[in-house]
Structure formats: C-alpha cells, structure tokens
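Chain order of the listed sequences is U and G.
The opening residue of the first sequence carries number 1 in this note's numbering; numbering runs sequentially from there.
The opening residue of the second sequence carries number 1 in this note's numbering; numbering runs sequentially from there.
These are calculated hints, taken from the structure and not from any lab test.
Idealized CB from N, CA, C, for every residue including glycine.
There's no promise every hint is true.
The following residues of chain U were derived to be distant from chain G, with all beta-carbon distances above 12 Å [what the hints assert, rightly or not]: (1) I316; (2) V317; (3) G319; (4) Y368.
Simulated crosslink set (SDA-like; lysine to any residue; CA at most 20 Å straight-line) [said to hold, decoys possible]: (5) U:K11 - G:K136; (6) U:K239 - G:I76; (7) U:K369 - U:E169; (8) G:K108 - U:F6; (9) G:K111 - U:V380.
Derived coverage of chain G by chain U (criterion: at least 3 residues anywhere in the stretch with Cβ under 8 Å from a Cβ of chain U; other residues may be distant) [to be verified]: (10) 100–109; (11) 186–195; (12) 230–240.
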Amino acid sequence: MFLNIFINRLKINIRDKQAIGWSLLFSLALGTLFYCAFESIYKNAVNTVVRTAVVLNAESNTFGDMGEILKTIQYDDGTKILDIVETDYENALLLLENEDEERAVKGIIDLRNIEDIRLVLSGTKNENGEIGNAGEIEDSILSSIVGVFRQYSLMISETIKNNPERLGEVLKSLERKTTELIANKSISGGNKDPYVTYFYSLITMMAMMAMMSGAAVVESGQADQSPQGARTEVSAVNKAVYEIAGLLAVCVVQVSVTMIGLCYLVFGLKINFGADVTYVFLTAALATILGISLGFFVYQFSNISKKARENILMAIVVGGGFLSGLMIPNMRTIVEMKCPIINRINPSAVITDAFYALNMYGVGERYYKAMIYIVGLTVVFISSGLILSRRKRYASL
Amino acid sequence: MSKTVVEINNLVKRYKELIALDNFSMSIKEGEVFGLLGPNGSGKTTTINCLLSLLSYDKGEIKIFGEKMEPKRRDIKSRIGVVSQNVAVFDELTVYENVDYFCGLYIKDKKTRKQYVEEALEFVSLTEFRKFFPKKLSGGLLRRLNIACGIAHKPELIIFDEPTVAVDPQSRNKILEGIECLNKKGATIIYTSHYMEEVEQLCNHILIMDKGKKIAEGSLSELKGMIKNTESVVVNIRHLKDENIEEIKKLHHVYDVKYMNNILTIKCSGGKHNITHVAEYLKNENIDYDRIYSEIPTLNDVFLEITGKQLRDKE
Chain U
1 MFLNIFINRL
11 KINIRDKQAI
21 GWSLLFSLAL
31 GTLFYCAFES
41 IYKNAVNTVV
51 RTAVVLNAES
61 NTFGDMGEIL
71 KTIQYDDGTK
81 ILDIVETDYE
91 NALLLLENED
101 EERAVKGIID
111 LRNIEDIRLV
121 LSGTKNENGE
131 IGNAGEIEDS
141 ILSSIVGVFR
151 QYSLMISETI
161 KNNPERLGEV
171 LKSLERKTTE
181 LIANKSISGG
191 NKDPYVTYFY
201 SLITMMAMMA
211 MMSGAAVVES
221 GQADQSPQGA
231 RTEVSAVNKA
241 VYEIAGLLAV
251 CVVQVSVTMI
261 GLCYLVFGLK
271 INFGADVTYV
281 FLTAALATIL
291 GISLGFFVYQ
301 FSNISKKARE
311 NILMAIVVGG
321 GFLSGLMIPN
331 MRTIVEMKCP
341 IINRINPSAV
351 ITDAFYALNM
361 YGVGERYYKA
371 MIYIVGLTVV
381 FISSGLILSR
391 RKRYASL
Chain G
1 MSKTVVEINN
11 LVKRYKELIA
21 LDNFSMSIKE
31 GEVFGLLGPN
41 GSGKTTTINC
51 LLSLLSYDKG
61 EIKIFGEKME
71 PKRRDIKSRI
81 GVVSQNVAVF
91 DELTVYENVD
101 YFCGLYIKDK
111 KTRKQYVEEA
121 LEFVSLTEFR
131 KFFPKKLSGG
141 LLRRLNIACG
151 IAHKPELIIF
161 DEPTVAVDPQ
171 SRNKILEGIE
181 CLNKKGATII
191 YTSHYMEEVE
201 QLCNHILIMD
211 KGKKIAEGSL
221 SELKGMIKNT
231 ESVVVNIRHL
241 KDENIEEIKK
251 LHHVYDVKYM
261 NNILTIKCSG
271 GKHNITHVAE
281 YLKNENIDYD
291 RIYSEIPTLN
301 DVFLEITGKQ
311 LRDKE
C-alpha cells in the first residue's frame with residue numbers, strides 16, 4: 001500500500017509541470033540574472049589584494065589583536081587579502097588621497113572605537129562615508145570584512161549592556177571564531193567572492209518554495225481540502241502511511257529539482273560557492289526537505305481558509321527571509337542579540353546560518369550545529385503535522 | 001430475512017445554529033437499492049458524510065454491517081465504495097493509473113489489483129481510454145472514471161452521491177445501467193439524488209427527506225399510496241366557463257380542478273376510468289379540446305402533497 005501510494009504520488013509530482021516548471025524557472029532564471037549582473041565583478045574578484053590603512057589605538061585590541069587578525073586573512077592559495085598599513089587617521093586620509101597608485105590605499109578601517117568600526121573608502125573622503133566608489137571589487141571586499149568585525153563588536157557591546165553575565169560566554173565564542181579566522185578556515189571563501197551570498201540566498205528561497213509541495217500532500221489526503229482527499233479518507237488506508245508516502249515522493253522530486261538548479265549554478269554558471277560543494281548540495285537537499293515539512297505543517301490548520309494558509313506561508317517566507325538577513329545583512333545578528341529563539345525556529349534563518357557557517361568557517365562545529373537545527377525543525381514540523389492530522393475531526397466539509 | 005447493512009438512529013448534526021440532521025433515522029437491508037431523495041440542502045450529503053465518519057455529529061448512532069462506524073474502522077471502510085458528486089481523480093495520472101491508485105488504497109496484492117482494475121475499466125467502458133489523462137475525457141467519461149475509482153475494489157456497500165449531476169442523457173443512462181448491474185452482482189446501493197426519475201427507475205426502497213428530517217419512506221408504490229392523488233387528467237382547452245369547472249368538480253373520484261393558461265388539470269383519487277369520464281363530459285357539453293391525457297403521480301407529487309413544495313427547482 002505504501003509503495004503504491006509512493007509510486008503514484010511520485011508520478012503526480014513529476015507530471016505536475018506547473019510546480020516543477022516554476023521551481024526550475026525560478027532557480028535557473030534568477031541564477032542567470034545574478035550571474036550576468038555580477039559576472040564582471042566575479043572575474044575581477046579572483047585574488048585581488050586590497051591595500052588598506054588600519055587605524056588602531058589601545059582600545060582596538062580589547063578583544064584581541066585586531067591588526068594581526070586583519071593581516072592573517074588570506075585566500076585559499078595563501079595570498080593575503082589585505083595589504084595592511086598601520087597608521088594614524090590623518091596619515092591614512094593622505095594615503096587615501098595619494099595619487100601614486102603604489103602608495104595609495106583603497107580604504108581605511110578605523111578601529112579606534114570598537115563599538116563604532118568605520119570604513120572610509122576612496123572616493124568618499126569623509127569620516128562617515130561608507131558608500132565608496134560603487135562597482136569596485138575592493139570596496140566590496142573591505143565592506144564584507146568590516147561587516148564581520150561589526151557583527152562581533154555589536155554582539156560584545158550588546159552583551160555588555162544587556163546580559164553582562166553572558167559576556168564570558170560570548171567572548172569565548174568569538175575567540176573561537178577569531179581563531180578560525182586566523183587558522184584560515186576563515187572568511188577567505190566569502191572574501192574571494194562577496195556576491196556568493198546572493199546565490200546562497202537563492203538556494204534558500206528555492207528550498208522554501210518547496211513548501212507548496214508539502215502543502216499539496218495535505219490537500220490531496222484530507223476530506224475538507226479536496227475531493228481526492230475525501231476519497232482517500234473514506235478508504236481503508238492509514239492516514240499517516242498515506243502522508244509519509246506522499247511526503248517521501250515530494251522530497252524525492254523537490255530535492256531533485258533543487259539539485260538540478262544547483263548543478264546549473266555550480267557546473268553551468270561555474271559559481272564558486274567558496275566551500276566544499278558536496279556540503280553545499282547536502283545543505284540544499286536538507287533545506288528543501290525543511291521547506292516541504294513547513295508547508296506540510298501549516299496546511300494542517302484547515303480550520304482557516306486556504307487563502308489565509310497561503311498568506312501565512314508567504315509571510316513565513318518573506319518575513320522569515322527578512323529576519324534571517326536575506327534582505328538586510330546585519331538583521332540576523334540583531335535578531336540573535338534581541339531574540340535568539342527566532343533564529344532557532346525561523347526556517348530561513350536556520351538555512352541561512354548553515355550556508356553562512358559553511359562559507360565562513362567551512363565544515364566544523366558551527367556548520368554541524370546549523371545542520372542539526374535544520375534536521376530538528378524538519379522532524380518537529382513533520383511529526384507535529386502527523387499528530388494534527390491524526391487528531392483531525394471535521395465539523396463541516 | 002435480509003441482514004441490516006446500515007442503521008442510523010436519531011442522528012443530530014448541527015452547523016452552528018442550523019440543524020442539518022434532526023433526529024434522523026434510517027435502515028438499509030442487504031441487496032437493496034436505497035434511494036435517498038430530497039431537495040438541495042435537505043441533508044442527503046451530510047447523512048452520507050456522517051455515515052462515512054467524515055463528519056462528526058452531535059448525537060445519534062451509526063452502525064454499518066452491524067458494527068459501530070468510527071473513523072478508525074478501516075475494516076468497515078474496506079467494504080465500502082464511494083462515488084461522490086465531485087469528480088475525485090488526479091489530472092496527472094492516466095485513466096488506468098487513477099483506478100489502480102484508488103484501488104491500491106484497499107487492495108494490497110498487485111495481481112489481484114490488476115485484475116480488479118481491468119474489470120472496473122471494462123465495467124464503465126473505459127478500457128480503450130486507459131492511457132488517456134482525465135483532461136482529455138468528456139464530462140460523461142470523467143463521471144464514469146469517477147465511478148470506476150469508487151468501485152474497483154469490489155465493495156459490498158456502494159454509496160452514489162448524486163453521480164449524474166451535469167451528465168448528458170446518454171452517459172446518465174449508462175451510469176444507471178451500471179448501478180443496476182452492480183446491485184445484481186450483490187452490492188447494496190445507497191443512491192442520493194434530487195432527480196426523482198432516476199430514483200424511481202433504480203431504487204426499490206426510497207426515503208424522502210427535507211430539512212434534515214425523514215418525510216416519508218417505503219417502496220415506490222407504498223409512497224404513492226400515501227397520497228390522495230392517484231391520477232391526474234390533463235386537457236388542453238382554449239375556452240372553458242366557470243360553470244363547466246364546477247360541474248367537472250362534481251364528477252366521480254375528482255377532488256381538485258385547476259384551469260390555468262388553457263390547461264385544465266383534474267386530480268382524481270381512485271377510479272379506473274377517470275379519463276373516459278372527463279372526455280365524455282366534454283363531448284356532451286360540446287367543448288372543443290386539443291389534447292387529453294392521463295398522468296400517474298410521481299415522487300414529486302408525493303413530495304408536493306406532503307410538504308407543499310416542489311422537490312426539484314425548475315431547470
């Protein structure tokens with residue numbers, strides 16, 4: 001019975017041209033658009049060394065030797081990313097304005113106030129300027145590095161203000177991250193291609209889009225959702241068996257769709273994900289299953305209208321995407337400080353965190369932790385969905 | 001004596017303020033073609049959904065094959081087939097795959113299932129369409145596929161919930177013939193409809209319901225025997241005086257006369273030669289008429305007389 005349902009649900013999903021078509025079109029079209037938009041930046045990004053002035057004082061090294069950390073950041077082949085000139089702010093500005101290409105710096109990283117790390121780029125020429133010369137890869141590299149340092153300092157200062165008792169814990173965690181930076185697991189992948197995060201976001205969105213297939217399993221198996229559901233419910237089949245077989249079939253198809261999209265990005269467009277690509281595929285597969293389980297769970301609440309359920313799913317995807325930093329890069333860190341539980345239960349944040357960990361630190365403790373969250377959330381959504389389905393009694397059809 | 005297949009006692013189902021089933025009871029014997037007749041919104045489909053444990057109900061008891069019906073009774077469900085008024089098939093599966101899929105929800109053995117599916121397709125004359133996808137089928141063929149999906153596992157009790165809605169006359173006849181055939185093969189049938197002609201043709205036991213209540217129950221002849229009207233004589237007359245109408249009212253067995261739009265309707269209770277008496281009167285009075293004919297009462301007349309309203313909205 002299980003096999004019969006699985007095989008037929010597989011056929012239904014494979015032949016659902018609209019669902020598969022949109023998922024594929026989304027990944028292929030958006031991937032191509034991103035690629036076209038960033039292609040030139042991509043080519044220039046390879047092993048660019050950025051001559052940078054760093055302004056330090058005694059406060060700068062409160063949480064570690066910042067100048068030393070910046071010097072050790074390097075590409076996979078060992079090339080240093082930054083060519084550091086440690087100097088005072090006035091001299092740094094002179095270097096920024098210097099017309100001699102050899103001596104000039106592309107930007108100034110001002111670490112004098114650790115709570116307010118500033119980046120001054122060539123072309124902006126003022127202390128508050130961060131806008132820089134749009135389109136220059138050096139600006140993007142510097143922005144990415146400063147972004148990471150800001151996240152660290154924000155976490156520390158917020159902890160001091162709100163949870164001073166957790167400071168030791170946070171510092172220990174940052175120390176580990178800093179060590180990882182120095183040990184070259186580092187942001188090297190991220191720096192090599194600062195735009196890879198857009199492609200990670202694309203994979204996250206593809207995974208979340210799979211939720212509609214999870215919803216379709218519920219729709220086709222419950223009497224109040226479709227005529228096919230009514231026919232299934234009056235049959236002799238165990239509801240849980242039906243739903244598990246249906247979910248399995250959906251997972252096979254949707255994970256395949258995600259893999260095709262990812263193959264196009266990796267082998268077609270030759271996007272360098274800056275991490276072991278096997279793990280990118282693994283993360284994308286598990287993320288897709290998480291998306292399916294979310295749709296399966298939300299659609300169990302059939303006492304609310306179909307339109308409302310669709311809106312809830314969209315709100316989770318868009319709102320969750322916003323909170324996970326898919327739209328504003330620092331948002332995930334802010335949420336982590338204010339209400340960390342959201343980052344644990346927000347599917348987009350959990351997936352983003354896994355990709356972030358993979359890209360920034362490679363396969364390690366943080367990545368495994370993120371993967372455990374993905375699997376954990378999937379299990380919670382599916383088991384809750386099955387329980388809700390089992391207990392369902394219809395007052396009206 | 002035949003076994004009781006379905007027994008419903010004092011069923012009450014409320015939708016907030018609305019009482020959909022009001023202490024409704026019915027009993028169906030093995031081998032019957034049981035007609036559940038009533039206007040739209042009378043509670044037929046609610047009764048069927050409660051029977052199948054799809055809907056929860058507020059009060060009452062339902063027994064199928066002598067055992068209490070509950071959502072988890074898959075053993076009982078495996079002996080029931082349902083053909084709903086909505087076509088419930090998957091557009092992405094072919095005709096054969098659809099029947100095989102739904103049959104597979106009951107029959108585990110692949111070989112047996114294959115045989116059952118072939119038989120079901122043959123039964124509804126869809127064998128030549130086996131590789132077609134539902135979207136390529138006409139409305140009538142789609143209804144037949146819907147039936148094949150509901151009966152392929154050879155159930156003992158088959159529920160047809162308005163299976164001929166929006167079906168052309170040719171396909172409708174085919175469906176009705178099929179149901180008769182299933183009954184002859186031993187299946188007990190529950191047939192819900194608001195088409196009285198179908199119920200008259202198919203069912204050997206009929207229950208008429210309205211507003212969630214049983215109005216009348218019995219065989220077709222028993223139901224017709226419940227009402228005063230046994231025959232209506234209808235005459236197309238262009239001119240008729242009031243005194244003629246009064247005199248016709250006085251004819252033997254006549255209890256009601258109406259003259260509207262040049263049509264004279266004379267309702268009779270009992271008597272075997274009512275049409276002859278009316279024709280003789282008109283001849284004696286030198287009243288010209290175009291056409292005269294006799295109508296025996298229908299289920300609609302039964303419903304009309306009991307409730308004072310038409311069973312089916314004029315289409």
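Quick rundown of the hints versus the structure:
| no. | hint | verdict |
| --- | --- | --- |
| 1 | I316 | holds, 27 Å |
| 2 | V317 | holds, 25 Å |
| 3 | G319 | holds, 32 Å |
| 4 | Y368 | holds, 39 Å |
| 5 | U:K11 - G:K136 | holds, 18 Å |
| 6 | U:K239 - G:I76 | holds, 15 Å |
| 7 | U:K369 - U:E169 | holds, 17 Å |
| 8 | G:K108 - U:F6 | holds, 13 Å |
| 9 | G:K111 - U:V380 | violated, 38 Å |
| 10 | 100–109 | holds (count 7) |
| 11 | 186–195 | violated (count 0) |
| 12 | 230–240 | violated (count 0) |
Checked against the numbered hints above, the structure breaks hints 9, 11 and 12 and satisfies the rest.
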